[in-house]
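Asks: Dock chain to chain to rebuild the complex, using the hints, since each chain is given by itself in its own frame.
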Amino acid sequence: MGSAYLAAIALVFTLVSNPVSAEDDAAHHPTWSQLTEDQQKVLNPLAKEWDTLRPWQRERMLEIAHDYPKMEPDRQKRVQERLTRWSRMTPYERENARKKHEKYQNLSDAEKKELRKKWREYQSLPESKREQLRKQSPEIYDNDDIDN
Amino acid sequence: MKTEQETAKEIIGMLDERVTQLDRGVLDRLYSARMKAVNRLAERKQEVSAQSSDGFGHVLRMFGDYLHHHRIATPAVIICTAAIVAFVATQQLADQPSIEQGDAFLLGAELPPEAFLDKGFDTWVARTSQQ
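So the sequences go chain by chain: A and B.
Residue numbers for the first sequence follow numbering that gives the first Met the number 0, so the first one is 0 and each next one is one higher.
Residue numbers for the second sequence follow numbering that gives the first Met the number 0, so the first one is 0 and each next one is one higher.
Only chain B is shown next, with the shape it has when bound in the complex (with noise of 0.2 Å):
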């Protein structure tokens, strides 16, 4: 007993030994229908496309179409931005103290923040080095 497989691939086969025999009106409405099925299955997909525009589907469909029509300009604002946020970080890094500057190692140092006030402590320096 021959399965459903073994039977359609017979079909198949007797179909493509006659498709070669078709004559040309029938060739014609084969290619006819064949544009109609694909100009249902294009409608089809644009009604569903449409439905899925509401919300965020909606949001990333108008980036992507920003996107799409300003291509040569976006790679100009990712740059502008990447500069942007290399400009501002380098400035924050710049404003945090390194790590040896900070107030506690002044007051950790081997001289005492009294040291650098002394005005008499800097007369002392200047007289005992010119001698």
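Bound conformation, chain A alone (with noise of 0.2 Å):
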């Protein structure tokens, strides 16, 4: 009897997993030149620093691109005018954008509308009030944050 589950979990667990090949890593983490067309076009803003990606990044980038037709052409605009300071943003900081995006989402589309306008005057102010006002900001992220 003990046999028949350790061979219905065998076939569960052979069903359902995902080997690492050779052929899968190249899959997940090509060259440029093994981009297909279409993945080409959403990263081109990263065409000449791909190939020095490291695997993880390209594999979020590859996500990108794989989101990147769900959306509509202004979003993707956007997406194509931020992807490259994207790529040079260190894992802490696009984990806690990740983190203070996910908030935003939350929000009521009033309080959303209202942070927007809050960048807006907060990018028109002079660059020296702005870098006052980052000294003035108490350290937001707990140690707990730093998990990258």
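Honestly, the hints are just simulated from the structure, not real lab data.
Every residue, glycine too, gets a C-beta built ideally from N, C-alpha and C.
Where chain A lies over chain B, by a calculated footprint (3+ residues, C-beta under 8 Å):
hint : region
1    : 101-110
2    : 115-123
Think about it this way: if two alpha-carbon atoms lie no more than 20 Å apart in a straight line, the pair counts; the simulated DMTMM-like pairs of lysine to aspartate or glutamate are:
hint : chain 1 : residue 1 : chain 2 : residue 2
3    : A       : 111       : A       : 73
4    : A       : 99        : B       : 121
5    : B       : 118       : A       : 101
6    : A       : 116       : B       : 121
7    : A       : 117       : B       : 117
8    : B       : 118       : A       : 94
9    : A       : 112       : B       : 121
10   : A       : 102       : B       : 121
11   : A       : 112       : B       : 109
12   : A       : 117       : B       : 121
13   : A       : 76        : B       : 113
Replies: Here's what the structure looks like:
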């Protein structure tokens, strides 16, 4: 009876597991020339530096290319404009941005609108004023947040 | 001219008429012959099934025998297997980012990633919200 359970469990894991082979590795971390035409089109801002990106960075960028077609044209435009800056952020910065974006998504439409208004106002401030505000900011993130 | 079928029907009719008149000894001999024929047929079936028990047929037979002997435990195995499949599938689906949670949607948001990282902006929001 025990062997029957073991056989069932082995069968399940054989069916659902995704063993990483050399081919899979190449598929997840392709060089620029190995990308499809559609992927190159989306990730074009990164063309020059793609082959220098680390495997996990490429994986993340490929996820972006995968989600890109689901987006509205204005969003797609913003993605391409921000892609290079995003790729140069540290993992810590990216993770913090993800967390705060998640919180932003949970805001009401009115709150989001208000926050966008404040961002425009903040951007209109002189750089010296913004620098002063940065210095006045308490440390926002706890050590627990630094998990990268 | 009679056909073969018509002749056969006549013979059957005559036999049926006479069958009630058979004596006990004849009936016993007929019963004994029938049992011999049935036993011979059963032996031949066993020989045929033994010959087909090699290869895949053997595996299927063993599987069938297993199910037969464990017919109480088999539903439990099936339920456990289904539960494991459901659990693993749920875990895998949970790992997938939802449609609005990928980095692409962060980059495409109305606010740029810098807005989420600029500590000065946080201070600005806190200060202007207090006013």
